[in-house]
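Sequences listed follow chains A and B, in order.
Mapping of the first sequence onto this note's numbering: position 177 corresponds to residue 177, and the numbering continues sequentially without gaps.
Mapping of the second sequence onto this note's numbering: position 72 corresponds to residue 72, and the numbering continues sequentially without gaps.
There's no promise every hint is true.
A few chain A residues facing chain B, derived, Cβ under 8 Å [said to hold, decoys possible]:
| id | residue |
| --- | --- |
| 1 | G167 |
| 2 | R173 |
| 3 | P189 |
Source of the hints: derived by calculation from the structure; they are not laboratory data.
These numbers were taken from a predicted model, which means no experiment stands behind them.
Ideal Cβ positions, reconstructed from N, Cα and C, are used throughout, including at glycine.
Chain by chain, the residues:
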Amino acid sequence: MRNNYQSRKALSRGDLLLGLVGIYLIYLLYASGFFTAEAWADFNRRFYQNFVKDRRYMMLVDGLKATIFMTSGATLIGLIVGLILSVIRVAHKGGAKIPVLNWLAESYITVLRGTPAMVQLLIWNFTIFASARDLNTQYIAILAFGLNSGAYIAEIFRGGIEAIDPGQMEAARSLGLSYGTSMKRVVLPQALRNIIPMLFNEFIALLKETSVAGYIGIDDLTRAGQNIQALTLEHSQPLVMVAIIYLVIVMLLTKFVSKLEQWLSRGRRR
Amino acid sequence: MAVIEIKDLHKTFTLTDGRKLHVLNGITTEINKGEKIAVIGPSGSGKSTFLRCLNRMEEPTSGSINFNGEDITSNNCDINKVRRKMGMVFQHFNLFPHLTVRKNLTLAPVDLKIMTQEAADERAKILLERVGLADKIDEWPERLSGGQKQRVAIARAMAMNPDVLLFDEPTSALDPEMIGEVLDVMKELADSGMTMYLVTHEMGFAHKIADKILFIDKGVISEQGTPDEVFDHPKQPRTIEFLSKVLRH
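Bound conformation, chain A alone (with noise of 0.2 Å):
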């Protein structure tokens, strides 16, 4: 009861808030004549030139292929990245005798979170692959995002796995069943229901990170938007364009987030 109370008063400020903020940006826009006839056909002059001349809209489509498939090879690696790195991990803690191991996967996390993603991706390109001139830049940006993200999804994976009660693994190993098959049967089985949503919010900030792919000269979405601008001069219709096309799909993903976040829960009270 209460908490559906406290619920809908902060959603009612929220809608209040937003309201204001609306209502305020339709005076900014009002105050500087917008909506005047003159001023709407300048903007559908500069919408035609910014999207439709010369199928401009291209760009942006061709850019989001780009930041999809940098972002979903990088989520992939990172996958396979921090589930080496979490198994390390976990199997140090519990008992295998792995310390150089464990203290590699340990460094490797520390460094990989502890310095910019960007950084990352600039010394990949300019300094390992430096000479390597053929490649695609988008594979060093899937690289370079990748085994950022592999640290980050190791964490996620650790976290995941500690957050169950030894209980349970010292339950499924009274029974005479072997560490790794009760990780199998009884730990991992329970750990992937918090797991899986935390990947997906993995997956919606590596689309927001591969932003930064334009500084090795990838077309992605953003560096659209500027090619863009490049183009027609024109400062504001892109970025703002890249940025809805941005937040409609971290929208709609956190969306589904939250629906498959229901859906585990409800699976646990069948």
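Chain B: place on chain A using the hints.
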């Protein structure tokens, strides 16, 4: 014949600041087939650690544990094989919440290829019947009361057909009104000839079912004997003090 023989068992924990905590300081005892031994003692005395060393949930620091004639503390012992024959019941039940009651009971026997799923299902039915929960076979653990959960946990421990059952304070996490139903199940197991080690605070129950009482204090067995000897005629001052505190109410 001794099912488990424990000789000079020591367990030392190393704390994070490097200090050593001596929890078990040389325990020597044995349990025979069909015997029921209740382990009592103040909290922090090491009684749970002692029990958890028996199937190496805790690794003993030194000493030996012989189970059916095999030294299970030796390096070439397959502890997973040993544990199949030592059921364990936990204070917090530790049922697998993502599996139905049936799967909780059949996971280990089927996964270890000891039984087919059908045979394990059949055995699960019989065991649940025995603990009075036959109708809950397809229920999810979350929908059971604490007492029902612990009865399922006992049935799960029995599913591997163990030679001995270890109970680690099986009623300590239960609401008072649910303790009885779990003790009834344990009494029935005891009467059927099961070999049992029981760490408990239920003095009345220990008195009723145990053949032998071990009083553990500061990591050693400071007094042992039949329930009559330990409960009614304790000799050690520490035992007398402990019993006067727990039995006063």
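These are the hints, each one checked on the structure:
no., hint, result
1, G167, "holds (4 Å)"
2, R173, "holds (7 Å)"
3, P189, "holds (5 Å)"
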